[in-house]
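Undergrad: Residues per chain are reported as follows:
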Amino acid sequence: EAQVTQNPRYLITVTGKKLTVTCSQNMNHEYMSWYRQDPGLGLRQIYYSMNVEVTDKGDVPEGYKVSRKEKRNFPLILESPSPNQTSLYFCASSSALVWNTGELFFGEGSRLTVL
Amino acid sequence: AQSVTQPDIHITVSEGASLELRCNYSYGATPYLFWYVQSPGQGLQLLLKYFSGDTLVQGIKGFEAEFKRSQSSFNLRKPSVHWSDAAEYFCAVGALEYGNKLVFGAGTILRVKS
Numbered sequence: 001e002a003q004v005t006q007n008p009r010y011l012i013t014v015t016g017k018k019l020t021v022t023c024s025q026n027m028n029h030e031y032m033s034w035y036r037q038d039p040g041l042g043l044r045q046i047y048y049s050m051n052v053e054v055t056d057k058g059d060v061p062e063g064y065k066v067s068r069k070e071k072r073n074f075p076l077i078l079e080s081p082s083p084n085q086t087s088l089y090f091c092a093s094s095s096a097l098v099w100n101t102g103e104l105f106f107g108e109g110s111r112l113t114v115l
Numbered sequence: 001a002q003s004v005t006q007p008d009i010h011i012t013v014s015e016g017a018s019l020e021l022r023c024n025y026s027y028g029a030t031p032y033l034f035w036y037v038q039s040p041g042q043g044l045q046l047l048l049k050y051f052s053g054d055t056l057v058q059g060i061k062g063f064e065a066e067f068k069r070s071q072s073s074f075n076l077r078k079p080s081v082h083w084s085d086a087a088e089y090f091c092a093v094g095a096l097e098y099g100n101k102l103v104f105g106a107g108t109i110l111r112v113k114s
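The listed protein sequences correspond, in order, to chains A and B.
Following the working numbering, the numbering of the first sequence begins with 1 at its first residue and continues without gaps.
Following the working numbering, the numbering of the second sequence begins with 1 at its first residue and continues without gaps.
Watch out, some of these pointers could steer you wrong.
Unchecked claim - Within a straight-line C-alpha distance of at most 27 Å, the following computed DSSO-like cross-link-like pairs (lysine-lysine) qualify: (1) B:68 with B:101; (2) B:101 with A:65; (3) B:61 with B:101; (4) B:68 with A:71; (5) A:17 with A:65; (6) A:57 with A:17; (7) A:57 with B:101; (8) A:57 with A:18; (9) A:18 with A:65; (10) A:57 with A:71; (11) B:61 with A:69; (12) A:69 with A:17.
To be verified - Here are some, though not all, of the chain B residues that point toward chain A, as calculated from beta-carbon distances under 8 Å: (13) 16; (14) 19; (15) 101; (16) 104; (17) 106.
As the list claims (entries may be wrong) - Just a sample of chain A residues kept apart from chain B, beta carbon distances all over 10 Å, derived: (18) 4; (19) 43; (20) 84.
Calculated from the structure, these hints are not laboratory results.
All of these numbers come straight from a predicted model, not from anything done at the bench.
Don't be surprised by glycine CBs; every beta carbon is placed ideally from N, CA and C.
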């Protein structure tokens, strides 16, 4: 089954404790991205990757890091989480330029709470 | 930069009634337009998309949307709503010069009453 898998789905942590949210897709997609979803703001892009070893900042990259060492994986790293990073995070992937297919495949989301 | 406005935060409709969710975008040229649906506890799923051509596009689950350039709108419609349509709906816009990025609206939460 084609899917984007995120882990953990739920996490409560404390300020300053480094954490990683993993994302893996089994569709051989070149493009992967991370979004955060906050009430009233919709989804905002954090980082994206066009292919292995190619990453770039989205609209809200501050406080986050990513890496793309393998095509299937695109982890999101919070080096020193702060309460304003409490949010619902989505990983998404696509096989081509977004406007060619129009479809991003989303994971089920990771709800992160930073105390 | 492109932007998307969904004026309605919440909408409640009766089961079997028609539905229209509004979306307005800001962009100089013709953008690429999408509607996504997010069911509770799930990721987003593409309902339909518009790139060019016929301004009335059909999507999955009986949804359709109409692109109106003069109004900068891309409203989502369904003639008869089912209880399973209760979800949050996001309009999104993409553009060639902004790379592989979709800009999403804030979302509209649809409640269906029986």
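Undergrad: For every hint, state whether the structure bears it out.
TA: A quick look at each hint next to the structure:
| no. | hint | verdict |
| --- | --- | --- |
| 1 | B:68 with B:101 | holds (22 Å) |
| 2 | B:101 with A:65 | holds (18 Å) |
| 3 | B:61 with B:101 | holds (25 Å) |
| 4 | B:68 with A:71 | violated (39 Å) |
| 5 | A:17 with A:65 | holds (14 Å) |
| 6 | A:57 with A:17 | holds (23 Å) |
| 7 | A:57 with B:101 | holds (11 Å) |
| 8 | A:57 with A:18 | holds (20 Å) |
| 9 | A:18 with A:65 | holds (11 Å) |
| 10 | A:57 with A:71 | holds (18 Å) |
| 11 | B:61 with A:69 | violated (38 Å) |
| 12 | A:69 with A:17 | holds (23 Å) |
| 13 | 16 | violated (29 Å) |
| 14 | 19 | violated (20 Å) |
| 15 | 101 | holds (6 Å) |
| 16 | 104 | holds (4 Å) |
| 17 | 106 | holds (4 Å) |
| 18 | 4 | violated (7 Å) |
| 19 | 43 | violated (4 Å) |
| 20 | 84 | holds (18 Å) |
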